[in-house]
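Asker: Here's the letter readout for the chains.
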Amino acid sequence: MGNIHKLSAAVAAISFAAAASAAHADEVRVFNWSDYIAPETLEKFTERTGIEVTYDVYDSNEILDAALLAGRSGYDVVVPSTYYFTRQVKAGVFQPLNHELLPNLDNLNPELMANLETIDAGSEYSVPYMWGTNGIGYNVERVKEILGDDAPLDSWALLFDPEITGALSEAGCGLSMLDSADEMLSPAMAYLGLDPLSENIDDIEAAGELIASVRDDMTYFHSSRYVSDLANGDICVAAGYSGDVFQAAARAEEAGRDFSIGYSIPKEGAALWFDMMAVPADAPNTENAHAFINFILDPEIAAEITEYVRYANPNSAANEYLSDEILNDPAIYPTTDVMQNLYVQAEKPQDVLRARTRIWNRVKSGR
Amino acid sequence: MKPSRSSALLKRLKLGRRAVIAFPLVWLTLFFLLPFALVLKISLSEAAIAIPPYGPLLEYADQTLHVFLNLGNYLFLLSDSLYIAAYWGSVKTAFIATVACLLIGYPMAYAMARAPARWQLLLLLLVMLPSWTSFLIRVYVWMGILSNSGLINNLLIGIGLIDSPLRMMNTQFAVTIGIVYAYLPFMVLPLYAHLTRMDNSLLEAAADLGSRKINTFIKVTLPLSMGGIIAGSMLVFIPAVGEFVIPELLGGPDTLMIGKVLWEEFFLNRDWPVASALAMVMLLLLLVPIVWFHRYQSKELAS
Numbered sequence: 002m003g004n005i006h007k008l009s010a011a012v013a014a015i016s017f018a019a020a021a022s023a024a025h026a027d028e029v030r031v032f033n034w035s036d037y038i039a040p041e042t043l044e045k046f047t048e049r050t051g052i053e054v055t056y057d058v059y060d061s062n063e064i065l066d067a068a069l070l071a072g073r074s075g076y077d078v079v080v081p082s083t084y085y086f087t088r089q090v091k092a093g094v095f096q097p098l099n100h101e102l103l104p105n106l107d108n109l110n111p112e113l114m115a116n117l118e119t120i121d122a123g124s125e126y127s128v129p130y131m132w133g134t135n136g137i138g139y140n141v142e143r144v145k146e147i148l149g150d151d152a153p154l155d156s157w158a159l160l161f162d163p164e165i166t167g168a169l170s171e172a173g174c175g176l177s178m179l180d181s182a183d184e185m186l187s188p189a190m191a192y193l194g195l196d197p198l199s200e201n202i203d204d205i206e207a208a209g210e211l212i213a214s215v216r217d218d219m220t221y222f223h224s225s226r227y228v229s230d231l232a233n234g235d236i237c238v239a240a241g242y243s244g245d246v247f248q249a250a251a252r253a254e255e256a257g258r259d260f261s262i263g264y265s266i267p268k269e270g271a272a273l274w275f276d277m278m279a280v281p282a283d284a285p286n287t288e289n290a291h292a293f294i295n296f297i298l299d300p301e302i303a304a305e306i307t308e309y310v311r312y313a314n315p316n317s318a319a320n321e322y323l324s325d326e327i328l329n330d331p332a333i334y335p336t337t338d339v340m341q342n343l344y345v346q347a348e349k350p351q352d353v354l355r356a357r358t359r360i361w362n363r364v365k366s367g368r
Numbered sequence: 298m299k300p301s302r303s304s305a306l307l308k309r310l311k312l313g314r315r316a317v318i319a320f321p322l323v324w325l326t327l328f329f330l331l332p333f334a335l336v337l338k339i340s341l342s343e344a345a346i347a348i349p350p351y352g353p354l355l356e357y358a359d360q361t362l363h364v365f366l367n368l369g370n371y372l373f374l375l376s377d378s379l380y381i382a383a384y385w386g387s388v389k390t391a392f393i394a395t396v397a398c399l400l401i402g403y404p405m406a407y408a409m410a411r412a413p414a415r416w417q418l419l420l421l422l423l424v425m426l427p428s429w430t431s432f433l434i435r436v437y438v439w440m441g442i443l444s445n446s447g448l449i450n451n452l453l454i455g456i457g458l459i460d461s462p463l464r465m466m467n468t469q470f471a472v473t474i475g476i477v478y479a480y481l482p483f484m485v486l487p488l489y490a491h492l493t494r495m496d497n498s499l500l501e502a503a504a505d506l507g508s509r510k511i512n513t514f515i516k517v518t519l520p521l522s523m524g525g526i527i528a529g530s531m532l533v534f535i536p537a538v539g540e541f542v543i544p545e546l547l548g549g550p551d552t553l554m555i556g557k558v559l560w561e562e563f564f565l566n567r568d569w570p571v572a573s574a575l576a577m578v579m580l581l582l583l584l585v586p587i588v589w590f591h592r593y594q595s596k597e598l599a600s
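Same order as they appear, the protein sequences are chains A and B. Note that our numbering has the first sequence beginning at 2, numbered continuously upward. Note that our numbering has the second sequence beginning at 298, numbered continuously upward.
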């Protein structure tokens, strides 16, 4: 379903850009991911600051990227993921943040922020909104039924070992991968013991071959369809975004299914990502944009959003407002051991980007 | 009538004619030619990390006007078999879907045209009515019908015909079904229009001369409805080649179609120039059948 939303969101974004009128003194225009904020957050912001919020959503980085690169998006705050963000900075999309207007910056977790040094040193252009991981969502009962109790739930072998994927698919348990070169080739390299961020074409080829060896067992490559299919039982192992898998788990529970959905961060390493709040260079309401970012950095607000969307926030001061259930869930706040194996996807040169897309396309279409 | 008045009338007529021509002309210029020129321009520029993400075609510096025409994007399309395979996949899928539409649509249109006049309006409505619901919803419904836990599989398992679900979703088969279903009305309507206009006395004459029904159909009805067959086939084939939504929703890993590849160039590689070059080539590819159809039509009009 993703791309349809993407398409309509693109049209909406472009028409919005065209209609974007002159700045309002008491307005801020926010463009954020869908289902990514608590229901009362925006009201509280308006109550506290008197600034009205125009809130639009997208469901893929690509849509936001196209809107930003076309220029004059009309938004004051946007929230791209790290690997799109770096390239956008280079293209001159964002303006430097005024730290004087962001007193809540001190709340950020310094250990976590160290991961962002190569992305945006000293928060010059951005402040992380939420963060998460990409791992494996699985149907606990089905997988154990087929592979036994010692199923390698904490390993990419669940998706990359032909023996395992063969056994799963033969038993009628559907498998899926995200339709993204970045999101799948890097884990494949990690599984092979290579640097998941390698820009060496041979490494990328090796990852492609690994995926090609299990390709026929995949039901599909898609970046959002697995959410409902995991919940329905149509798919039983899926590479996925942490929050999406949690959503599938919640849906399966609501529907009273006779199975449950688990999420694991594979031990070989997995992607750690951040969504970054940033202000476009041509934002009509710069000051209000800062007010909004500072508001999100408020520990109570950050905690409230995390409780609702089940994504971790980078705000160490927010921990005391979080429920134990969330704070102690290793799928949301991974243990330090697991954290050490996570990698942050960085921007790649055009030829590497193209090589990855090309290899990915070849693997996917089985040529 | 005085000469002066008639010339004034002539003038007004000319003005009116011009206005009538001007409207579609302005429309086409604004909504076809201009976007086309923009895409052509981007396809000749170079990708850049900037806003917008491509370089300029003209640059004025040191009293010299520099013109940059980058043909590299087009050459690049030849360097990787992916693009040719994707074009081929699209044309193949569209062709199969067009033939299927014709095979299903012709009997439908024929039956409609032969039905009693009071039924025809109702039948026509039945063909068009489904398109009153959103296209997207109708494609989603097919997901519900074809999926492993969908209507067909549940039914077949329920009556004990099969044990494990047939895999129909996420295959080329599902894509073809989706396209045939979505575009069938575009085949039926022009065929119906041609078939109802057909002169019944020709069929009577054939019967009087002892021609059998099959023979009459092949020698009279079919040639006379050729215009409808071609028009319907164009209306199905052309949009099906560029189809993006149906393969995206119903297709599987082996569905390789140009719409999706174009999307990837634009959004994943963020290479607007190559994406534009892909679109230009697709347009050229589609021009061939359009020009052919146009020539057929003018020949038919002439005769």
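Don't read these hints as lab results, they were simulated from the structure. Note that the structure is a prediction, hence the values are computed from the model and not measured. It is possible that some hints are incorrect.
Some chain B residues judged to face chain A by a derived CB distance under 10 Å, without partners named [unchecked claim]: (1) Ser-461; (2) Glu-501; (3) Arg-567.
All C-beta atoms in this analysis are idealised placements derived from N, C-alpha and C, irrespective of residue type, glycine included.
Asker: Compare the structure with each hint and give your call.
Answerer: Results of checking the hints against the structure:
1. Ser-461: holds (6 Å)
2. Glu-501: Because about 52 Å separates Glu-501/B from the closest Cβ in chain A, which is outside the 10 Å limit, the hint is violated.
3. Arg-567: Holds. Min distance 7 Å.
Hint violations for this structure: number 2 only, all remaining hints satisfied.
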